[in-house]
Amino acid sequence: MRVRRRIHAVLLTALLLGAGGIVSGAAQANPAPQSEYVFTTFTYDSESDLHIYRSSDALNFEAPAGPAYTPSDSLLRDPSIIRHRDGRYYVVHTTGWDTTNFAIAVSNDLQSWQHLTTVSVPVAGIHNTWAPEFFVDPVNGSVNVIVSLGAEYRSSFRPYLFTALDSSLRRWGPPAALPGIEPNYIDTFVTYHQGEYHAFAKNETDKRIEHAVAPRLGGPYEFVQTGDFAGWGRAEGPAITELPDGRYRIYMDAYTSDRFLYSDSADLYEWTAPRELPGGLSGFVRHGTVLRLN
2 MRVRRRIHAV LLTALLLGAG GIVSGAAQAN PAPQSEYVFT TFTYDSESDL
52 HIYRSSDALN FEAPAGPAYT PSDSLLRDPS IIRHRDGRYY VVHTTGWDTT
102 NFAIAVSNDL QSWQHLTTVS VPVAGIHNTW APEFFVDPVN GSVNVIVSLG
152 AEYRSSFRPY LFTALDSSLR RWGPPAALPG IEPNYIDTFV TYHQGEYHAF
202 AKNETDKRIE HAVAPRLGGP YEFVQTGDFA GWGRAEGPAI TELPDGRYRI
252 YMDAYTSDRF LYSDSADLYE WTAPRELPGG LSGFVRHGTV LRLN
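Residue numbers (this note's numbering): 2 to 295.
Some clues are possibly wrong.
Each computed DMTMM-like pair below joins lysine to aspartate or glutamate, with the alpha-carbon atoms no more than 20 Å apart [what the hints assert, rightly or not]:
id, residue 1, residue 2
1, K208, D138
2, K208, D259
3, K208, D268
4, K208, E223
5, K208, E183
6, K208, D229
Think of the hints as simulated: they come from the structure by calculation, not from any bench.
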């Protein structure tokens, strides 16, 4: 009996150790996945080149050598990126200081880019078309561009909404002004949170980024935080991405002090004190967007 018990004990121990080894091996073979972020921007050195940076934490970004794309016949400012349902990447960008269109470029791998289309702005009296921002509506899946149109020479901007008519992103519906965000607002960036659409836009009078909310993407929007409500100071080009823990990170171009800042929030209302983006990017990169890939 003692011999049998000892044999049983040895066998049980071996089984437990083996199972533990299998579990341990599985844990080592399947580590927790890291997030991946892509930052598209232009720089103080050039208004014609697309620069792409990558990061695993939405904070420390690295870039390959040289720009990723240079349009043949336009500027490239304020690039905004999405990954579309077809798996490809699309960037929409400003084409010039005094133009009435915006352009879209496409890539399969973030490395090789080509021009896809130029979208004309059929709005009478418009002199400037700046800061187009992609927004994929999580409610209905529509692909949209929110762009700042200037009715006077480089002034009197207000946001207009364009919606893609098909998945090619070559055909776009007529623009519609976003009610509640009146003229004198530029660089409007929209994100969706808990059933509401949150717009962050620069007030051109005092050069502060302000916060408006709407029940629908097309508005009407109501400003809920104005002035220097978050202590960001004078800044433009707000862009927001979501962090793995559910918080949000906003990036902004503090252009009057040649700095690039970020700030975090759990609810889009209360924000941490702004800090400079590390890695030598602050003072080098300008208005852009950060896309979370996973």
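Results for each hint:
1. K208 x D138: Status violated; Cα separation ~28 Å.
2. K208 x D259: Given that 20 Å is the threshold and the Cα spacing comes to 14 Å, the pair holds.
3. K208 x D268: Violated - the C-alpha atoms of D268 and K208 are around 23 Å apart, more than 20 Å.
4. K208 x E223: 19 Å, holds
5. K208 x E183: 15 Å, holds
6. K208 x D229: Answer holds: K208 to D229 is near 9 Å, not above 20 Å.
Violation of the numbered hints given earlier is confined to hints 1 and 3; the remaining hints are satisfied by the structure.
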